[in-house]
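Start from chain R and add chain H according to the hints.
Residue numbers (our numbering), protein chains in the order written: chain R, 55 to 633; chain H, 55 to 633.
Just so you know, these hints were derived from the structure itself, not from any lab.
Here the structure is a predicted model, which is why all the values come from computation and not from measurement.
Be aware that a few hints might be false.
Where chains are identical, the list cannot tell them apart; a pair therefore holds if satisfied intra-copy or between any two copies.
Stated by the list, open to error - Below are the DMTMM-like pairs computed for lysine to aspartate or glutamate, each with C-alpha atoms no more than 25 Å apart in a straight line: (1) K104 to D117; (2) K56 to E227; (3) K455 to D268; (4) K104 to E549; (5) K313 to E608; (6) K179 to E549; (7) K56 to D221; (8) K179 to E63; (9) K323 to D155; (10) K224 to E554; (11) K453 to E106; (12) K179 to D542; (13) K104 to D114; (14) K224 to D533; (15) K56 to D480; (16) K104 to E554; (17) K546 to E631; (18) K149 to E139; (19) K149 to E194; (20) K546 to E111; (21) K104 to D550; (22) K398 to E440; (23) K543 to D114; (24) K628 to E366; (25) K398 to E317; (26) K313 to E549; (27) K56 to D479; (28) K104 to D598; (29) K179 to D534; (30) K179 to E67.
Protein chains: 2
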Amino acid sequence: MKVRNILGERFKERAFDIESQNLMTRGGYIKQVGNGIYSLFTPAKRIQNKIEAILREEMDAIDGQEVLFPVVMPATLWQSSGRFESIGKELLRFKDRSGADMVLGMTHEEAAVQLAMNVAGTYQKYPFMIYQIQTKFRDEPRARGGLIRVREFTMKDAYSFHTSQADLEKYYERAYRAYERIYARAGVPEVIAVKSDSGMMGGKVSHEFMLLTDIGEDSIVICPECGFRANMEACEAITENVPDAELEPLAEVFTGEAKTIDEVGALLKKTSDKTCKAVVYQRNSDDSYVLIFCRGDREINETKLTNYLKAEIHPAVEIENANLAAGNIGPVGLDTNATVLFDKSLVGATNLICGANKAEYHLSGFCPARDLPGNTQFIDLTKAVEGGVCPCCGKHSLKIKRGIEVGNIFQLGRRYTEAMGMTYDDENGARVSPIMGCYGIGVGRLIASVCEEHHDDYGPIWPITIAPWQVEICALRADDASVRAAADKLYKELEDAGVEVLYDERNVSAGFMFSDADLLGAPVRVVISPKTLSRNAFELSARDKSFREDVAPENAAEAVRAKVAEMIAAVNAKVPERL
Amino acid sequence: MKVRNILGERFKERAFDIESQNLMTRGGYIKQVGNGIYSLFTPAKRIQNKIEAILREEMDAIDGQEVLFPVVMPATLWQSSGRFESIGKELLRFKDRSGADMVLGMTHEEAAVQLAMNVAGTYQKYPFMIYQIQTKFRDEPRARGGLIRVREFTMKDAYSFHTSQADLEKYYERAYRAYERIYARAGVPEVIAVKSDSGMMGGKVSHEFMLLTDIGEDSIVICPECGFRANMEACEAITENVPDAELEPLAEVFTGEAKTIDEVGALLKKTSDKTCKAVVYQRNSDDSYVLIFCRGDREINETKLTNYLKAEIHPAVEIENANLAAGNIGPVGLDTNATVLFDKSLVGATNLICGANKAEYHLSGFCPARDLPGNTQFIDLTKAVEGGVCPCCGKHSLKIKRGIEVGNIFQLGRRYTEAMGMTYDDENGARVSPIMGCYGIGVGRLIASVCEEHHDDYGPIWPITIAPWQVEICALRADDASVRAAADKLYKELEDAGVEVLYDERNVSAGFMFSDADLLGAPVRVVISPKTLSRNAFELSARDKSFREDVAPENAAEAVRAKVAEMIAAVNAKVPERL
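One chain only, chain R, in its complex shape (with noise of 0.2 Å):
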């Protein structure tokens, strides 16, 4: 193809923050269209159908059978499931013509049951797995980045079926290989995988696989000493207390207006680790209290008390009605309609500084084994923190990292098939209900993920094995006769050789022509001009700038060829072999 008629154009200005949605703005290949939506140009389109052919090859190497579901579902299915109730504004909800309530899928669980409800009735047709690559919506009150975080994505989404959890642990193995080779074949290998939380999705053990970048949304928790992995929601928080050799009694101390944990340690002169601090959130529901104590230097893991509350809460706005002496709040003592919990970081610790439930005191000498009754149960409700220790080799080894997600998997058990009474006759005649794991990569996303790994300061630096084009040809003075002929010769040898070759053959200058060039982020470039034919030859570089070299005209179509395939092999070579 020619740059000239490529539809969208490229710019300089800088457009945004994120470095992904500034240079596939200033490169032409998306433009949104309203809020978290956006159409993409051909560059985008052209890497968006290279990844769905990864896909495409991946899910059917684990026996995936490609099928499609509606964008557009009744609600009575999402009924069927609960989900019509359950979810949040994030799934949108509508009428049609004739009154019908619709929903537009954010996920397809619900549709995978039902086209596989009464077509796989006897233990003979399992395991099986279901896979499309479709259009979905999820209403997202914050969406940012381009298409790092959008409304409407193309995603690829599996369902798999089984008859045993074994089953299942056994398929979940080969869907994270698979998912391994999909982020090594589009260029990115340094993908993890890490625990994650289930979320909305139902289901015990989940993984996201991430990217680890400055700019992800997601806390990543990872252990350098034993390779432990887990996203922030889904880590274990463990707090080692040293109890003091000698417990203090309980005694009021006046403070005055010193409310905060930082305010009380300033002037009782104690660190935040010696404070035990009150959190009050409220239930979405009905606004009732949740008051939670931990240590004053942990903080709240909002999807773990989610997750035992079984509800969704928020930080309270107000707790005039919860009976609690704001800034004072302590454990003993303690008069409230509120739900009351105690985190795990207490567990140990001795002589810390509390609330006294009292305007202007608060109470030292704190030790919870002592002063909370004996049926106090601890709850892991924080999040882990830089520094600490790892739930898995017992080290003082955790670090904290950013990341993108750009995949997760799930083991769902029988949440969806349960709900919406799909079974089948089991070996011995009884009707059960199939165990589901579900697997999505949204194709977006990932593409923006990657320009985020791999550019420079000129624009993405695509992996050959997703680049829109492989080869760019720069012909510069391409009014000049026989730099025209040949960067034409070389454009046809090229195509006909099946390499995927973009050609600059404009007026411009070469800054111009360069600056585009990096924009589109041909991997290999050749160029032609007047100054290289006067030592008879083409310049054949790098996007990565990894190489830069001269090559002889008559071999350039040869030696691009076989640039082509090396960089195509050096980026297999990181693919780990199907399970």
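Okay, now just chain H, sitting in the frame of chain R:
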């Protein structure tokens, strides 16, 4: 793939009247999710993927650039063209979580202009064409026939932009030819192009591509003499009236309870072509009346009427407010607030019976040229008829057929670019709006149409170019070791040779296996059984019964491969050259 692993069951019971819907349901291709909303099982998705590949190749070959527009669009985009207001309920409108008005894309002219706007600002950028293959939703009140008429569907839609009408016309010819190639490659070269009405799309010249079939929803007018073809909606109706030698005077005739053309004609012994009938409509907007007079044997073409009035209409529900004598309405001495129109079928007619605008009376001797005011306009508002005059060659040769629309192409003009303010600098530096064409094909409807055209009582007979699998191996008695070994070997040889092969080695009866194979519709079948092995042969046959022959086991893979290649070549032989 093994038949035992395909998700979906095949069954014998006739489920629907329309044969494609019946066979695609019985064969495990589709499953209904809601009214006009389907999921596709793997066999259908495989067909769809093959058609999509053909579409991409043909669109790329006419310089198309694949892009992707969103399914969900902000209402503001559709307001910018005026269609948010002008299109009826088939455009699904809803509000997102922030209360913003949104629509589901049923077509993407606005999105195409939005994408191209600001990036095609000079005449040198033209012409260009962008296309997508994407899900669309049309809130169709009368979904029917499986994939024939649905609410959600996958569509290839393309949009071209030009600086002159001549350039659009040149490109339109190429697109027209690309469409002929697409249908031929999909195995339905019998699809014909007919002139069509442009409807809500705007623009003047347009064509529909029609597969003629009795279950079609459109009436197609064809002239076997000159090749003229048009959709009934867009076909000029020509009526030749031979004036009687002697003009009768206007005279009132008592007709009593006789109201309809048939009743009055029978009473007065006049054929319907010697009568003038009145038809009353109402405008949807304000229920105001429209009264049309036409020859008694003609029917009103509502599309022509809508286009003439530039208003949506419906047959009058009650006419009390129009001061009209129901059943006795006539063109002479009329006193009404209705818009009164005269159809061309009255031109040259003489001595007609018509209503007298008075209960129980008609007039005889009505001669439009004599009895209507001299400035009366006669407009073409009726349908062409079987045996009628061809608007092209003038012979009384017209045939009326039924057809399914499987694609359409439109010359849109500046309808959208002007409304949305898209402009470019022309050679003289003036700001001008580009001229557009658009080109659509619904993938699912094409699949159903091919099935409708190519099936027998037992199942679809898929053309080899879009068949879900090219070959099926039926191993009868695969529990017989020699059958199993021979079939396994052939399966592997064919897969290694790149043939798309389905393998049935289930322990089922021959009748059961063949019945499933008929429904799965692979064009080539290989039967391996103890009986065929006893004569040292495999039986090679065609799904369409065009051949059946024994092949030696050692030559079977090559014989099958050759047969597949031959069948592909036979399809391609009917594909016209590109323009």
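Check your understanding: Between the shortest in-copy and the shortest cross-copy C-alpha distance, which are at most 25 Å for K628 and E366: within, between, both, or neither?
Key -> neither (42 Å within a copy, 62 Å between copies)
Practice item. Using 25 Å as the alpha carbon limit, work out where K453 and E106 are close: within a copy, between copies, both or neither. Key: Answer is neither: 34 Å inside a copy and 47 Å across each miss the 25 Å cutoff.
Review point. Is it within a copy, between copies, both, or neither that the alpha carbon of K323 lies no farther than 25 Å from that of D155?
Key: neither (60 Å within a copy, 57 Å between copies)
Check your understanding: Checking K313 and E608: alpha-carbon separation at most 25 Å within a copy, between copies, both or neither?
Key -> neither (79 Å within a copy, 89 Å between copies)
Check your understanding: Between copies, within a copy, both or neither: which fits K149 and E194 at Cα up to 25 Å?
Key -> Answer is both; intra-copy 20 Å and inter-copy 14 Å each pass.
Review point. For K56 vs D479, is the C-alpha pair at or below 25 Å within one copy, between two copies, both, or neither?
Key: The answer is between: 22 Å across copies meets 25 Å, while 59 Å in one copy does not.
**Study point:** Copy assignment of K224 with E554, given that the CA separation must stay at most 25 Å
**Key:** neither (39 Å within a copy, 28 Å between copies)
Check your understanding: Should K224 paired with D533 be assigned to within, between, both, or neither, using CA atoms and 25 Å as the limit?
Key -> This pair counts as neither: shortest intra-copy Cα distance 62 Å, inter-copy 29 Å.
Practice item. Give the relationship of K179 and E549 under a CA distance limit of 25 Å: within one copy only, between copies only, both, or neither. Key: between (46 Å within a copy, 23 Å between copies)
Point to revise | Intra- versus inter-subunit Cα pairing at 25 Å for K104 with D114 | key: both (15 Å within a copy, 16 Å between copies)
Review point. Checking K56 and D480: alpha-carbon separation at most 25 Å within a copy, between copies, both or neither?
Key: between (60 Å within a copy, 22 Å between copies)
Review point. Can you tell me if K104 and E554 fall within 25 Å by alpha carbon in one copy, between copies, both or neither?
Key: Both: 12 Å inside a copy, 22 Å across copies.
The structure does not agree with the numbered hints 5, 9, 10, 11, 14, 24 and 26 stated previously, though it agrees with the rest.
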